[in-house]
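Protein chains: 2
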Amino acid sequence: MNILVTLNSNYIKPLKVMLHSLFVNNQEEAFTVYLMHTSMKEAELSDINQYIVERGHRLVVITVTNDYFQAAPVVKHYTKEMYYRLLAFQFLPSDLDKIVYLDPDILVINEIRTLYDIDISGYLYAAAYHEVASATEINKLRLKPYDMDAYYNSGVLVMNLNLQREKIKEQEIFNYVEEHKKRLLYPDQDIINALYSQDIKNLDEVIYNYDPRYYRFYKAVSSGRKDVDYVIHNTCFIHYRGKKKPWHKNYTGKFHSIYKHYEKQALKE
Amino acid sequence: MNILVTLNSNYIKPLKVMLHSLFVNNQEEAFTVYLMHTSMKEAELSDINQYIVERGHRLVVITVTNDYFQAAPVVKHYTKEMYYRLLAFQFLPSDLDKIVYLDPDILVINEIRTLYDIDISGYLYAAAYHEVASATEINKLRLKPYDMDAYYNSGVLVMNLNLQREKIKEQEIFNYVEEHKKRLLYPDQDIINALYSQDIKNLDEVIYNYDPRYYRFYKAVSSGRKDVDYVIHNTCFIHYRGKKKPWHKNYTGKFHSIYKHYEKQALKE
Numbered sequence: 008m009n010i011l012v013t014l015n016s017n018y019i020k021p022l023k024v025m026l027h028s029l030f031v032n033n034q035e036e037a038f039t040v041y042l043m044h045t046s047m048k049e050a051e052l053s054d055i056n057q058y059i060v061e062r063g064h065r066l067v068v069i070t071v072t073n074d075y076f077q078a079a080p081v082v083k084h085y086t087k088e089m090y091y092r093l094l095a096f097q098f099l100p101s102d103l104d105k106i107v108y109l110d111p112d113i114l115v116i117n118e119i120r121t122l123y124d125i126d127i128s129g130y131l132y133a134a135a136y137h138e139v140a141s142a143t144e145i146n147k148l149r150l151k152p153y154d155m156d157a158y159y160n161s162g163v164l165v166m167n168l169n170l171q172r173e174k175i176k177e178q179e180i181f182n183y184v185e186e187h188k189k190r191l192l193y194p195d196q197d198i199i200n201a202l203y204s205q206d207i208k209n210l211d212e213v214i215y216n217y218d219p220r221y222y223r224f225y226k227a228v229s230s231g232r233k234d235v236d237y238v239i240h241n242t243c244f245i246h247y248r249g250k251k252k253p254w255h256k257n258y259t260g261k262f263h264s265i266y267k268h269y270e271k272q273a274l275k276e
Numbered sequence: 008m009n010i011l012v013t014l015n016s017n018y019i020k021p022l023k024v025m026l027h028s029l030f031v032n033n034q035e036e037a038f039t040v041y042l043m044h045t046s047m048k049e050a051e052l053s054d055i056n057q058y059i060v061e062r063g064h065r066l067v068v069i070t071v072t073n074d075y076f077q078a079a080p081v082v083k084h085y086t087k088e089m090y091y092r093l094l095a096f097q098f099l100p101s102d103l104d105k106i107v108y109l110d111p112d113i114l115v116i117n118e119i120r121t122l123y124d125i126d127i128s129g130y131l132y133a134a135a136y137h138e139v140a141s142a143t144e145i146n147k148l149r150l151k152p153y154d155m156d157a158y159y160n161s162g163v164l165v166m167n168l169n170l171q172r173e174k175i176k177e178q179e180i181f182n183y184v185e186e187h188k189k190r191l192l193y194p195d196q197d198i199i200n201a202l203y204s205q206d207i208k209n210l211d212e213v214i215y216n217y218d219p220r221y222y223r224f225y226k227a228v229s230s231g232r233k234d235v236d237y238v239i240h241n242t243c244f245i246h247y248r249g250k251k252k253p254w255h256k257n258y259t260g261k262f263h264s265i266y267k268h269y270e271k272q273a274l275k276e
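Which chain is which? The protein sequence lines are A and B, in order. If you're matching positions, the first sequence starts at 8 in our numbering and goes up one per residue. If you're matching positions, the second sequence starts at 8 in our numbering and goes up one per residue.
In isolation and in its complexed conformation, chain A is listed as follows (with noise of 0.2 Å):
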């Protein structure tokens, strides 16, 4: 299976923790983890490496120097690392067709062959919204050049790589950052949000985008079921989306000790 990370050097230790889950979780599968990065250091990327490699699986490094994206335009405080997932399709191997990105605050708690496997013809991503936010974070967005009833989340996408080669054009991105930039909030995910909502396809967000603030929310609407139980043995990838992380001294919400339990394992020397 291919995993696409992007990756700098604050973001080391969720990005083990993450990757550990993920292959204690699929004992089966064999991964290649593409890592795209402009910044890292030598001794950095060669720990990942090696990290990846004592547990059976492959690391490709991908370094996009400066010199790539000199034409786009650049937003408030981001760099231009808020176009590698949207233009990752350029920097992979032609010969791949699909591939997983995942942010490094997610841990992975169960097998996820059956994502891969999903069919998405058709579609340049999969993807999942979060039903309790999508709302709130169209308006916050306040853009919607085309029809766009959900708002996706970014940090877990299935690629068609051989669709976005064909379909994703560099300048059409760069054109509406241009113009938009301004109100971008979380750039790269807004982008691909208003620009290819239509070729989303949807996921299970409490499968595949399982965010711990909406434990309440997704226990509600499914009548109890969908409780703590239901995602230990259900969920694929908890995202700990928001300012406060479970790596932090101060996080104060669900699934923290699930989490820590991970790193522990993930760190341990």
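Simulated from the structure, these hints should not be mistaken for lab results. Treat each hint with caution, since some may be false.
Note that identical chains are pooled: a pair holds if it fits in a single copy or bridges any two copies.
Said to hold, decoys possible - Using 20 Å as the maximum straight-line C-alpha spacing, the simulated EDC-like pairs for lysine to aspartate or glutamate come out as follows:
#1 251 with 74
#2 275 with 118
#3 233 with 36
#4 271 with 35
#5 252 with 173
#6 105 with 173
#7 252 with 236
#8 250 with 234
#9 271 with 234
#10 256 with 156
#11 87 with 211
Following the hints, position chain B against chain A.
Quick look at chain B alone, frame taken from chain A:
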């Protein structure tokens, strides 16, 4: 290492979760689990035996028939199982000098070798008391035959079997129960505290008898140091005391997700 458990049919699943967590987090150890029971079915015992043997450990079943404890007074709705952990030393092999008793509503999340090796010479037990609850519980009990400044929890007990054989008299316990039976709330625990509280070596409750309901208290009195991270790295036993158990639908307490995580691992086919 010798582990003592007592069991009825309602607690088979939690027992498996407890044992699974004990085994996976103490991989260097070989365990002999002594299981005291009266009413377990043959098939249930054989299932537990298989569970333990498959994981490389050993089960010794101690069947306590109704002939035992004929002289023992009965308290309210409690069965004579209330005497098991008090008088276990009478049923265990005479060459055993030490055993750790564990309640089945416990999760073992770190190595317990340090506990097993503590020096308990001169003490009948090692146990922890819950600082935040102790005063209340002593007060509820309203029986202080000796000096009692802590109300020890009997869910985790290191037992000094040699000294117990010497000092604990069955008849003294029966007499005590006969005299106080109307006031006993948690009979076995009350008896240990009332009769032997001066012979208990005190253990750190955060390490050896962590009650998730006191999460904020533990954190507050340690100036924030004993948080979830600390527990994951240092605590041996999370003890899910109280009526709401983490395997119940309505559990809302802390350390839920880690319990369900181990439960899933422990009970998978």
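Okay, the hints, checked on the actual structure:
1. In the homo-oligomer, the alpha carbons of residue 251 and residue 74 never lie at most 20 Å apart, since the shortest distance is 34 Å inside one protomer and 59 Å across protomers.
2. For the homomeric pair residue 275 and residue 118, the shortest alpha-carbon distance between copies (14 Å) is at most 20 Å, but the shortest distance inside one copy (23 Å) is not.
3. Proximity of residue 233 and residue 36 under a CA criterion of 20 Å is satisfied in neither setting, with 27 Å inside one chain copy and 37 Å between copies.
4. Within a single copy, residue 271 and residue 35 get their C-alpha atoms only as close as 23 Å, which misses the 20 Å cut-off; across copies the closest is 18 Å, which meets it.
5. For the homomeric pair residue 252 and residue 173, neither the shortest alpha-carbon distance inside one copy (37 Å) nor that between copies (54 Å) is at most 20 Å.
6. For a Cα distance limit of 20 Å, the shortest separation of residue 105 from residue 173 inside one copy, 14 Å, qualifies, whereas the shortest one across copies, 71 Å, does not.
7. For a Cα distance limit of 20 Å, the shortest separation of residue 252 from residue 236 across copies, 13 Å, qualifies, whereas the shortest one inside one copy, 22 Å, does not.
8. Taking CA atoms no more than 20 Å apart as the test, residue 250 paired with residue 234 passes between copies only; the shortest distance there is 19 Å, against 24 Å inside one copy.
9. When the C-alpha separation of residue 271 and residue 234 is checked against a cutoff of 20 Å, the pair qualifies only between copies, where the shortest distance is 14 Å, while the shortest distance within a copy is 25 Å.
10. Taking the shortest alpha-carbon separations for residue 256 and residue 156, neither the intra-copy value of 36 Å nor the inter-copy value of 34 Å comes in at or below 20 Å.
11. In this homomeric assembly, residue 87 and residue 211 never come within 20 Å of each other (Cα to Cα): the closest approach is 30 Å inside a single copy and 51 Å across copies.
The structure fails to meet hints 1, 3, 5, 10 and 11 from the earlier list, while all remaining hints are met.
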